[in-house]
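S.K.: Residues per chain are reported as follows:
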Amino acid sequence: MRFNGWPELKEAFLSGHNEASFMLAPMAMTLRQQGVPLKIVYLGHRDGSALMVRKDSSIFRMEDLRGKTIAVPNRFSNQRLLIYKGLKDRGMTLDDVKLLEMPPPDMPAALYAGAVDAVISGEPFMAQTELDGYGRVLYQAKELWPGFISCVLVVSQRMIRDDPARVQHLVDGIAKSGLWLDQTMDHRMKAAEKIATTYYNQDPRLLRFVLSKPPDRVTYTRLKLARTDFEEIERLARETGLLDGPVSFDEYADVRFSEHTSGAKPYAWEPR
Amino acid sequence: MNKFARILAGVFAAVLTLGLLHGFLNLGWGKPREELRYRVGFLPVT
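For the record, the sequence lines run as chains A and B.
The first sequence begins at 1 in the numbering used here and counts up by one.
The second sequence begins at 1001 in the numbering used here and counts up by one.
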């Protein structure tokens, strides 16, 4: 089920309408801390986010963002933590910028209109500003945070309890799809065509751009849950006040399904 | 309208009603598609 904003997606999951969801990592951790019966079971992708400014902007490095307005997807997004980390690494704080929450699909227009000075979100909305000729990459996420994680696969604890085989089937499918996608550029281009028209309702040219310029702009392998990745997210979330206390990795993550994907092989399917 | 035309109109109305009902109830024609076995929420981001 496709959503345009994170709050609606979160509510649909909480209501039980969606038994599984791709969700922002800090959002999932915070919900678990608040007692929501969910578990993170796999990653959606790595990297695939960019911090964009206008092409004619005088912003060329993190320090130039002082006093500027930056649109982030959500208060509980890892992109917000990425900004915090990038500023912190350069001796700055979140107080040095103004953060504005905005649904990712609205970001390109906001940047074009000059309503904000910078935008950050998962692709393809950032690449859209590049393709349309007014956006410039200030940083790819991996430059500020190597191996950046944005979305994670979350399932309800009820689904895990009642039908763990279905959870494993879902995770295996994502693992095999990811391996298949990263196998050849031809696979990526064929997937871009299919996904853009069938699921995303976007211009296939945009997804082709995102999946190829550069080829590692977003990656779909190394999706197993790693404790150290999440401990870093947790530390940053606590420093920024998203989490109001410690929450253990074992509390919000269930690695059984992820571990089972070791040795997974890409789908043998070849596009016609 | 003669009797034959009335029968044709009746058949047409019945088929139309059944067609709309079928679509409204989302019954589908073939086997369920593989991806419909899970209800997974997502945003159109990569």
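Just so you know, the hints here were simulated from the structure itself, not pulled from any lab data.
Here a beta-carbon is modelled for each residue, glycine too, at the ideal position from N, C-alpha and C.
Treat the hints loosely; a few may be bogus.
To be verified - Computed Cβ-Cβ distance ranges for the label pairs, DEER-style:
1) A:Gly-35 / B:Gly-1019: 46 to 52 Å
2) A:Leu-14 / B:Val-1011: 47 to 53 Å
3) B:Val-1011 / A:His-169: 44 to 50 Å
4) B:Gly-1019 / A:Arg-158: 55 to 61 Å
5) B:Phe-1012 / A:Asp-163: 41 to 47 Å
6) B:Thr-1017 / A:Glu-11: 33 to 39 Å
7) B:Ala-1009 / A:Ser-212: 55 to 61 Å
8) A:Ser-212 / B:Val-1011: 52 to 58 Å
9) A:Ala-268 / B:Ala-1009: 38 to 44 Å
S.K.: Look at each hint and say if it fits the structure.
M.R.: Each hint, compared with the structure:
no. : hint                               : verdict
1   : A:Gly-35 / B:Gly-1019: 46 to 52 Å  : holds (47 Å)
2   : A:Leu-14 / B:Val-1011: 47 to 53 Å  : holds (49 Å)
3   : B:Val-1011 / A:His-169: 44 to 50 Å : holds (46 Å)
4   : B:Gly-1019 / A:Arg-158: 55 to 61 Å : violated (38 Å)
5   : B:Phe-1012 / A:Asp-163: 41 to 47 Å : holds (46 Å)
6   : B:Thr-1017 / A:Glu-11: 33 to 39 Å  : holds (36 Å)
7   : B:Ala-1009 / A:Ser-212: 55 to 61 Å : holds (57 Å)
8   : A:Ser-212 / B:Val-1011: 52 to 58 Å : holds (55 Å)
9   : A:Ala-268 / B:Ala-1009: 38 to 44 Å : violated (54 Å)
Hint compliance for this structure: hints 4 and 9 are not met, and every other hint is.
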